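> Model the placement of chain B on the given structure of chain A, informed by the hints.
Number of protein chains: 2
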Amino acid sequence: MKNWFFSSLFALFFLALGFSQQLKSPNENLIMSFTLLNDGTPSYSLTYKGKEVIKPSKLGLELKNDKISLLNGFAMTDSKTSTFDETWTPVWGEVAKIRNNYNELAVTLKQNETNRQLVIRFRLFNDGLGFRYEFPAQNNLVYFIIKEEHTQFAMTGDHTAFWIAGDYDTQEYDYTTSKLSEIRGLSKGAISSNASQTPFSPTGVQTALMMKTDDGIYINLHEAALINYACMHLNLDDKNMVFESWLTPNSNGDKGQMQAPCNTPWRTIMVSDDARDILASKITLNLNDPCKIEDTSWIKPVKYVGVWWEMITGKSSWSYTNDFPAIQLGVTDYSKAQPNGTHAANTEHVKQYIDFAADNGFDAVLVEGWNEGWEDWFGHAKDYVFDFVTPYPDFDVIGVHEYAKSKGVKMIMHHETSAAIRNYERHLDKAFQFMKDHGYDAVKTGYVGNIVPVGEHHYSQWTNNHYQYVLEKAVDYQIMINGHEAVRPTGICRTYPNLIGNESARGTEFQAFGGSKPNHVTILPFTRLIGGPMDYTPGIFEMDISKLNPNNHSHVNSTLANQLALYVTMYSPLQMAADLPENYNRFTDAFQFIKDVAIDWDESYYLEAEPGEYITVARKAKGSNNWFIGNVNGLTSRASSIKLDFLEKGKKYEATIYADAKEAHYKTNPQAYTIQKIKVTNKSKINQVSVPGGGYAISIIEKNK
Amino acid sequence: MKNWFFSSLFALFFLALGFSQQLKSPNENLIMSFTLLNDGTPSYSLTYKGKEVIKPSKLGLELKNDKISLLNGFAMTDSKTSTFDETWTPVWGEVAKIRNNYNELAVTLKQNETNRQLVIRFRLFNDGLGFRYEFPAQNNLVYFIIKEEHTQFAMTGDHTAFWIAGDYDTQEYDYTTSKLSEIRGLSKGAISSNASQTPFSPTGVQTALMMKTDDGIYINLHEAALINYACMHLNLDDKNMVFESWLTPNSNGDKGQMQAPCNTPWRTIMVSDDARDILASKITLNLNDPCKIEDTSWIKPVKYVGVWWEMITGKSSWSYTNDFPAIQLGVTDYSKAQPNGTHAANTEHVKQYIDFAADNGFDAVLVEGWNEGWEDWFGHAKDYVFDFVTPYPDFDVIGVHEYAKSKGVKMIMHHETSAAIRNYERHLDKAFQFMKDHGYDAVKTGYVGNIVPVGEHHYSQWTNNHYQYVLEKAVDYQIMINGHEAVRPTGICRTYPNLIGNESARGTEFQAFGGSKPNHVTILPFTRLIGGPMDYTPGIFEMDISKLNPNNHSHVNSTLANQLALYVTMYSPLQMAADLPENYNRFTDAFQFIKDVAIDWDESYYLEAEPGEYITVARKAKGSNNWFIGNVNGLTSRASSIKLDFLEKGKKYEATIYADAKEAHYKTNPQAYTIQKIKVTNKSKINQVSVPGGGYAISIIEKNK
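Protein sequence lines correspond, in order, to chains A and B.
Here the UniProt record's numbering is used: the first residue of the first sequence is 1, the next is one more, and so on.
Here the UniProt record's numbering is used: the first residue of the second sequence is 1, the next is one more, and so on.
Please note that a few of the clues may not be correct.
If several chains are the same, the list does not tell them apart, and a pair holds so long as it fits within one copy or across any two.
Lysine-lysine pairs mimicking DSBU-like chemistry, simulated, CA-CA at most 30 angstroms apart [unchecked claim]: (1) Lys292 <-> Lys430; (2) Lys517 <-> Lys282; (3) Lys292 <-> Lys336; (4) Lys683 <-> Lys24; (5) Lys667 <-> Lys595; (6) Lys55 <-> Lys430; (7) Lys110 <-> Lys336; (8) Lys547 <-> Lys667; (9) Lys683 <-> Lys300; (10) Lys436 <-> Lys473; (11) Lys430 <-> Lys473.
Keep in mind that the hints were calculated from the coordinates and are not lab data.
Values in this document were obtained by computation on a predicted structure and should not be read as measured data.
Chain A on its own, in the form it takes in the complex (with noise of 0.2 angstroms):
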């Protein structure tokens, strides 16, 4: 209170002398104050239904070579105000249409010294603030190099978040909760082995990060429109609970080489009482600019299977042979290699799958292995290690398509780059004009192990103008991508829609490769997916992955229902039937759901919602009646009762309900799930106890009269 009450007076007073500007939310619920400090630090706070929730945080940037940066020294020579509101339609998404309303402040502010222009353009939602630098076109400040951002995020008090420690070239690692204070002794722990990782400090963590203050309030702090600069982590002084924006530096350490006139990424503070509205919120794709594609009818969202698993799990093999200690592509005449017996993505066995596609309504294949290069393609800094286009010998790339398409089934292409990213570059329009002379609209890429050339980061400026590049080029190609190990998106998904996809955090690979944190899908919509839709591969019916691989004890971590809910709860365009095919046909019942789910929706209510806790969500599927329902539960019991007052009054529809059975377990008894069909209106309510790991899915057809 005390607190509350000095903060306004501080505002009222720098108000008074014009120091200070105002901005509040189209509800007023979130009110922004913007100051001068003495020395002319600009500096902001929010409060949030008249509590404070980010206190006084100063803003800037250090440059390289430069005493003065642009830190500080600035005195406020114009400051404009506007209103926006407008509501677009995204080519793909949780819902049809989509609103944008915020009250804007860009304040100008010119630096005595040096003459130097900056203006900061504030932009705040309902539901939270986002802000960003803005480098106007002007005779002091052409061309300079970032040596550090200096954005702050200063919190009210030692919250409880739900974080990954800081690395400039992974995002897989498995969520940890705990108090800020506590991230210093917990780093350490939190970081797993990875192909490619450089954690950076103790108390730096990635975002989006998720946080929950002990007064309920909900802060999630992330960047939105992340081009040609680089990844935002963040960095905690767990003294005071300050963040601190700390951003991936380039191979030389400078991070990052700026030419005016241009604007760094939007930074994102989203604020509710209600977590389910950080989860609805839609600042990061509002803060990206208006779709750049004319014709979009060539993205399409996609359901899919692949062979992929049996690799994942250590069953098959991407490689060929083993005959090669070595690969040199165009030397090595692999017509004249042992097969090695294991190589799955052999013409046979996608045959297959294609079938199992056909059979089951799914739209495509993706087929990892297909290409001479796998024997080596690792750990060795490779710099010509694929070139996109030779198959296998037993991998018969027109017959396969052929065969697709005689089925009305797509291939999906794969182009693992193993984060050679200048080979990759050299391909790319050969792979991409190979995929459309063989019929493949869209592209799995995968950036595995240390960039190549190395010294470079995964998310730093140069790598991430790299996906940026792949991406505008896969326009002109009309090429829908999947970007696996790249950076995390930030809505860049608006602009670009053909960018259905990354992976981009800990997916379920990682159930077999040890297991992940059995709530671990109760966070990622909190984290991992503020951004854009995941890649998660969600589907696995056989928790025991030794049944797969008698050398693999991993155990996946989730119920059956549990997997069956993440095709609603982890919203994405793009969804794998990730298991074997022999894994559905054991539980044809309730396999039944994906092969019914929607991956396009008109509308998303989040029902309830707790992040590490549980989350259900209510989606309508695009250009129908029908609703599906998610539920994805923690690491306790929990009764969920929803109400079903989002369907349409007067209508009858049938609801299936697959959930986790009595004595279902994550670990001792994943498998064991119930389905009922029940008879609603908008009028029912749903009551569901999950497991734990557990979840329940429901389909809710429209019944005709």
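For chain B alone, coordinates are given in the frame of chain A:
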């Protein structure tokens, strides 16, 4: 004498033990001894006509994260000798046919502790030794990283050396002539300012390194076939007078990413008591693979003029306008810009050059500054700096092309990359196709400034890989490459004869940047030209640069006659008449030599040569009986006396001698020259005095009876 005795004893002893291998050149003047030292370190030494020229020198490589490395612990498991004698025909060259004759010794070494194999292959020619490391396909050595190569060249004394400081990013230094022991003290002063430079050691020097012993033996150290490896410099242990290889690092410090089977480049040691043998040596070419291009009909020597010198001198600008502090290609609207009035690459001006070329029998016109982006091309590590296809508003690509075509003249393209190598590769196919679409067959490429990505070096394995990528892609488009600021050549033009030139040394432009030493061109053929031709761009007739640009007080440290001679002494299939047409028009009689001189040769004879002092060479034009002679002179006046006994017996010729006038001097009276016509036969002699920085040029035309 004593040295010789003991080293022979030493050699015999080890020969007897079987730990030593000997190799003789075809004429037995050179004898190489290979030995394994007690600790299994491979070592070699070299004698010439019974005298030691290379003392026992160690061989080997240090590997990253490998304590054992490939330095010692070897045993010899095999050794094979063979002889090679073949004559081959270059596509262009100093001579029509080249004999490749050597004796070879290939020793196979096995490292006891690791079971790893290494082959060292020695080829001993009459004029020198070449050797390289080979890493055969094997299980115990597949992927490895070179931390440093440790190839020694142990000198027998404190030789005189003609050197430039070792540097990862430039070769554009003036040569220093000194004792080896003096390098350390002179190194700092030998490093002049450059757009991109990274010296690494006070006793580091670049190759080709030219030396002369007190006994009058000439020794030259260089490398051949630098492909997929880092450029080798030499670092001198000036206590023991031992040079050791010092590779150029990648941005992360690694010096080589290797995958067996592979080879290093050849390390070459040319030896003779006659300096002319060094100039005439074909070792570098002979150690490269034969031509890989099937149809070479599109590869042709080029004599050209260009819109260039006026910008180099500062008379004109590459840029079009002064309106913008920075350019965003595709965004910046040049059509609205105010022309700066100094942009030389405008259609009208270029047509004047086309006229001049056509009137004077030149093949082509180079135009620099034709394309958008020059306003801020330099010094900003800018990534998207050029697109290579968008002309300025005042340069009509199609119009210029058609005009040139109508006049029988080709246009030479210019691709200044600003060292942004990823940007160049991204645009390469479009840039090359643009060339083909508009009739360009050849391109001058440039890499001015620090390599982008920042942190990489011009001569690292990573960047050398780029130059090679460009060269090989150019073959697909039938495009000839003239690479400026690239790594200095190492004979790759045998394998890829579309590499018709490089700058990669201190060229004529430096005469406008303050001047080069007057004897510079008496050293370059012993150093820079050992690996391939240089686009030296000679032919400057106006030595007082302030006459072109009052603000530039630079002076060309050469007489006019010396400038003419360069067309013969600086062998290149690509020769520019670099000055402005108006300056040629002032001296049309002297200009006649440039019009007449051939650029492709059947025979070449170095008549006399002393590094730093003088070079006189006679060449027979390809497919004709005409000869051209050039003499360049150093710092003191000198009487040159040459026999024309290379002319055909019984034939009559008319010789036109362009020489320094008696009172000429490079500094005070450079433009004083004489032209004399005399009748000559193969019995004739010519005596001619060359002044400091002077020389003479002679065209010898066969006369009908």
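> Hints first: check each against the structure and report whether it holds.
Here is how each hint holds up against the structure:
In this homomeric assembly, Lys292 and Lys430 come within 30 angstroms of each other (Cα to Cα) both inside a single copy, at 24 angstroms, and across copies, at 23 angstroms. Taking the shortest alpha-carbon separations for Lys517 and Lys282, only the intra-copy value of 28 angstroms comes in at or below 30 angstroms, while the best inter-copy value is 68 angstroms. In this assembly of identical chains, the alpha carbons of Lys292 and Lys336 lie at most 30 angstroms apart only when taken from different copies (26 angstroms versus 48 angstroms within one copy). In this homomeric assembly, Lys683 and Lys24 never come within 30 angstroms of each other (Cα to Cα): the closest approach is 37 angstroms inside a single copy and 100 angstroms across copies.
Only within a single protomer do Lys667 and Lys595 lie at most 30 angstroms apart by alpha-carbon distance; the minimum there is 26 angstroms, versus 88 angstroms between protomers. In this assembly of identical chains, the alpha carbons of Lys55 and Lys430 never lie at most 30 angstroms apart, being 52 angstroms within a copy and 52 angstroms across copies at closest. Only between protomers do Lys110 and Lys336 lie at most 30 angstroms apart by alpha-carbon distance; the minimum there is 28 angstroms, versus 70 angstroms within a single protomer. For a Cα distance limit of 30 angstroms, the shortest separation of Lys547 from Lys667 inside one copy, 15 angstroms, qualifies, whereas the shortest one across copies, 88 angstroms, does not.
In the homo-oligomer, the alpha carbons of Lys683 and Lys300 never lie at most 30 angstroms apart, since the shortest distance is 34 angstroms inside one protomer and 85 angstroms across protomers. Taking identical chains as interchangeable, the C-alpha atoms of Lys436 and Lys473 lie at most 30 angstroms apart whether they share a chain (13 angstroms) or sit on different chains (23 angstroms). In this assembly of identical chains, the alpha carbons of Lys430 and Lys473 lie at most 30 angstroms apart whether taken from the same copy (12 angstroms) or from different copies (13 angstroms).
Hint check: violations occur at hints 4, 6 and 9; the rest are consistent with the structure.
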